[in-house]
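Colleague: The lines below spell out each chain.
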Amino acid sequence: MTDLTKYTLNDALDAMNKGEFTSEELTTAHIKACENATKLNVFITSSFEHALEAAKNSDKRRAKGNIGLIEGAPLGVKDLFCTAGVKTTAGSKILDQFEPTYESSVTSNMNSQGMVMLGKLNLDEFAMGSSNETSAYGPVINPWKKDEKLVPGGSSGGSAAAVAADLCLGATATDTGGSIRQPASFTGTVGIKPTYGRCSRWGTVAFASSLDQAGPIAKTVKDAAILLQSMAGYDEKDSTSLNIPVPNWKTSCDKSIKGQKIGIPKEYMIDGMPRDIQLLWDQGIEWLKDSGAEIIPISLPHTKYALPAYYVVAPAEASSNLARYDGMRYGLRAEGSDLNDTYSRTRTMGFGDEVKRRIMIGTYVLSAGYYDAYYLRAQKVRARIVEDFENAWHKCDTILTPTAPSAPFTLGRKVVDPVEMYLNDIFTVTTNLAGLPGISIPAGLNQDGLPLGLQVIGKALDEDNVFATASALERAANFNLKPKKWWIE
Amino acid sequence: MFTAERVADAKDWIKGETGDWEVIIGLEVHAQVSSNSKLFSGSSTEYGSEPNSQVSLVDAGMPGMLPVVNEYCIEQAIKTGLGLNAKINLYSRFDRKNYFYVDLPQGYQISQFEHPIVGEGNIEILPIDSDGNTLDPVSVGIERLHLEQDAGKSVHDLSPDETYVDLNRCGVALMEIVSKPDMRSPEEASAYVDKLRGIVRALGTCDGDMEKGNLRADVNVSVRKPGGELGTRCEIKNVNSMRFIRQAINYEARRHIEILESGGSIDQETRLFDSLKGETRTMRSKEDAHDYRYFPDPDLLPLNIEQSYVDDLKAKLPELPDAIKSRFMDDYKLSEYDARILTADKIKSDFYEIVANGRDAKIAANWTMGDLFGALNKSGLDLNATPVSAKMLGELIDRISDNTISGKIAKSVFERMFNGEGNADEIIEAQGLKQVTDVGAISVIVDEVIANNKDQAQKAVANPKLLGFFVGQVMKATQGKANPQVVNKLLREKLGL
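From first to last, the protein sequence lines are chains R and C. Residues in the first sequence are numbered consecutively from 1, following the numbering used here. Residues in the second sequence are numbered consecutively from 1001, following the numbering used here.
Think of the hints as simulated: they come from the structure by calculation, not from any bench. Check before you lean on any hint, since a few could be wrong.
[Unchecked claim] With a straight-line Cα cutoff of 27 Å, these simulated BS3-like cross-link-like pairs (lysine-lysine) come out:
no.	chain 1	residue 1	chain 2	residue 2
1	C	K1097	R	K380
2	C	K1316	C	K1408
3	C	K1097	R	K237
4	C	K1378	C	K1408
5	R	K145	R	K261
6	R	K261	R	K250
7	C	K1097	R	K356
8	R	K395	R	K258
9	C	K1011	C	K1225
[Stated by the list, open to error] Per label pair, the in silico range of CB-to-CB distance:
no.	chain 1	residue 1	chain 2	residue 2	range
10	R	A383	C	E1075	29 to 39 Å
11	C	Y1072	R	K482	55 to 65 Å
12	C	G1227	R	N391	16 to 26 Å
13	C	R1284	R	A334	20 to 30 Å
14	R	E99	C	Y1164	17 to 27 Å
15	R	E99	C	E1075	30 to 40 Å
16	R	P274	C	N1052	50 to 60 Å
17	R	P297	C	E1306	40 to 50 Å
18	C	E1229	R	A334	43 to 53 Å
19	C	E1306	R	D353	20 to 30 Å
20	R	A334	C	S1049	25 to 35 Å
21	R	G369	C	E1229	22 to 32 Å
The beta-carbon is built from N, C-alpha and C at its ideal position, and this holds for glycine as well.
Take the sequences, apply the hints, and build the full model.
Modeller: Here it is as structure tokens:
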């Protein structure tokens, strides 16, 4: 029998529609793959029994002609989405035994479209990190290299590694500053962060509310389109959710980009960027030209201020969002001599270094006397970034950039230097600050045989053109390499 | 910042060792919005339910939960703003006020810091001195009104070493109404709160129940030499009755004066009022003040309100106490005093209007204020618990004006009504109190009385004051039921007066 884990989501859905195999068979194959991949440490909590049950139910629904968008597809869920009755840790000790009674809107949408959830995927603690090394449940290992332990990127490292290693047909992820796109780039997968407000944030553990967006990590652009369609939609429980219909993005992937104007921002050519990333970017430009698109040089003049502004705004919101983890109602509690001591012990024990660092930065930038100099100024920069893009849209339809300034790096190499780690987000934070859709697609390998991604940024709500442009690149790049499955014993 | 131009009347100055002092007062009133559900969640706001029975996932600060604004609370805040003659801000925003406490599950309170929903306004108050005299009206400026969440309740007395938390109140909508420092005496401060209470009750935006804590005040007090430089202020937290407000101000003003006159200086601080001892004491000093790290709540969109929506609410606004009062003075020709008492709150003015409807307005006012309010006061009852309804009181007045009973008999009927013996007609019937207006029947009794008092009758022409004696005798003989006008007329005729 063929290896069912090699299917793309789209192909697997087609095959099930044709009756070639059942969800139960597909799910069983993926569970087996997961069980063989413990070395990668992608799961915080697996729910295989639950998945098999869900697969059987899906097969019954299918038999009745009741077929959802992702009917019977075995998928992974980043452990930041609350799942009713299944432990949700956010990668943190402070939520170690937390079992929500409620289901996040995103996973609830996916459940009603037929998702089979294999389990909860590892991530940087509270989604704060770019390497998955800040997880309280250990780092995820990038499947692309056996001999040297590489990071899968972060914060959605578990999601990216699981998809790259064929452990699931796709996975949910979240992106606050690049947490979908950078790990997608590091693992040779596709990841899209949609327009802010496309996916409800209700029931997803918050990091930075004005930046957080859910999206999928997938094997192909079309798979990402299908998954995003199953996740998105208006939710009255999230005041920032957009009350507009969800388009059929699968068809966007087959759209021609002839005549499309693609902007190339000169500010993204940064000093010290590896040569193979520059070459890949040039190659991407050529591919798009070959697809009939017009290349337009553009300027996004405030780009260099984006990263510092992001590292003010995101920690500021996080410092407040994480105040609820106080050991009083749920999660870890370390008793102290009095209330303040209990707060202090609980949070000292429950949070890791990176989370503490960001809470402290956030608290500092919101403090009396510093608010204007940091938080307010960062908000002004944010407004300029938005303007930069608005000006650019007069000249072009989408923008092409590299996804990340480097290829996956060795475990432990950057975690000692927060600033170097933060630089990973340099190409991705701008779209979070501006609320725009951005996708990363695998475009090639560097000289060490490690995957590199290219990013397509679109106008707000124009995921249609983002998918179309990304599909054109995907066809041209014809990236069909997979890591060798060294982790199977 | 604040300025305080008005100088208090000399009668309100406080005498100190070094001369007179003036007290400057500003209030922050927290008024719980009347609404069925909380400001950002669908939980019920009902008072007195089982602890923690009205707590949603949002109220409990569970991971991933998001607030969604309750539009009815916005409407209530705008109506209140209109009632305070204040500017409604078409753009306003919610901010987070960050601090840790057990009754604050989110670790922040959602409030409005930089852009409140209501801006500056103004109300006129009528202070009453300790003898009950109305003083000249005083205009009090409103600085702002903003919406915010209430916190939960910490219960310290269920266990010697543990604190219990009830989150039922957590997330309930409050309006914080901040006055300008425009009050100059404890009486003005309590008149201000009384006026605010009347306005929110008339609007139906807050029930004004101070006992339940649904209306409570933080009182800012400072002293200065009359008309001089403003002094340092202290804030007295959560004072929850008019009497305590006056007591707290008196105590605090004296405390400031004593410190200043002995060469000391006032520390800006937050104080608590101990209602048992009638004094204030330090809660936290300025150095301990929290840095709340306010910033715009990214979970909520700014509020953008259409002017047409505000206009619409304004057009539908119920009549406010001031308007009702001037209408009572114009339409019912009531004195300022009567009108003020009868419009002190909505229940009173509604009650009076039913009693006065189609009847003599002054008589209706006398019965409502004198007899009924007096009786209620004596038995410690609120008007909403009155045993004599407006309809019943009106019918009693009708029986006077249609001569069924005399005004004097009516007093005893009223007493019986108040004791729950039935309505006026039932009591008149049961007690046989119906007035005798039959001239023939009264005439017989008049003749008898004259016959029995021949001496007096002869003196009556020379001394017409004796008429009173004869009226008394006739009324006595009829147990007060004879129509006094008829008795008078007949006696005058028969005595030749």
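Colleague: If a hint holds in the structure, say so; if it does not, say that too.
Modeller: Hint check:
The hinted pair formed by K1097(C) and K380(R) meets the criterion: a straight-line CA distance of about 22 Å does not exceed 27 Å. Distance restraint check for K1316(C) and K1408(C): the Cα-Cα separation of roughly 44 Å exceeds the 27 Å cut-off, and the hinted pair is therefore not satisfied. A hinted pair counts as satisfied when its Cα atoms are at most 27 Å apart, and K1097(C) with K237(R) qualifies at roughly 22 Å. For the proposed pair K1378(C) and K1408(C), the alpha carbon gap of about 20 Å is at most 27 Å, so the pair holds.
At most 27 Å may separate the alpha-carbon atoms for a hinted pair to count; K145(R) and K261(R) exceed this at roughly 37 Å. Of the supplied pair hints, the one linking K261(R) and K250(R) holds, its CA atoms being roughly 22 Å apart against a limit of 27 Å. Between K1097(C) and K356(R) the alpha-carbon distance is near 20 Å, which keeps this suggested pair within the 27 Å criterion. Of the pairs offered as hints, the one joining K395(R) and K258(R) holds, with about 16 Å between alpha carbons and a cut-off of 27 Å not exceeded.
A C-alpha spacing of about 14 Å is found between K1011(C) and K1225(C), which places the hinted pair at or below 27 Å, so the restraint holds. Between A383(R) and E1075(C), the C-beta spacing of about 31 Å keeps the proposed range 29 to 39 Å intact. The given range of 55 to 65 Å is respected by Y1072(C) and K482(R), whose C-beta atoms sit roughly 56 Å from each other. Separated by about 58 Å at the C-beta atoms, G1227(C) and N391(R) break the suggested range of 16 to 26 Å.
For the pair R1284(C) and A334(R), the supplied restraint of 20 to 30 Å holds, since their beta-carbon distance comes to about 27 Å. For the pair E99(R) and Y1164(C), the beta carbons lie near 24 Å from each other, so the given range of 17 to 27 Å is met. Between E99(R) and E1075(C) the beta carbons are some 39 Å apart, a value that agrees with the proposed interval 30 to 40 Å. The supplied range of 50 to 60 Å is met by P274(R) and N1052(C), whose beta-carbon atoms lie about 57 Å from each other.
For the hinted restraint 40 to 50 Å between P297(R) and E1306(C), the CB-CB distance of approximately 44 Å keeps it satisfied. At about 51 Å, the CB distance of E1229(C) to A334(R) agrees with the hint of 43 to 53 Å. A beta carbon spacing of about 49 Å between E1306(C) and D353(R) contradicts the range 20 to 30 Å that was offered as a hint. Between A334(R) and S1049(C) the beta carbon distance is about 33 Å. The supplied range of 25 to 35 Å therefore holds.
Between G369(R) and E1229(C) the beta carbons are some 27 Å apart, a value that agrees with the proposed interval 22 to 32 Å.
Checked against the numbered hints above, the structure breaks hints 2, 5, 12, 19 and satisfies the rest.
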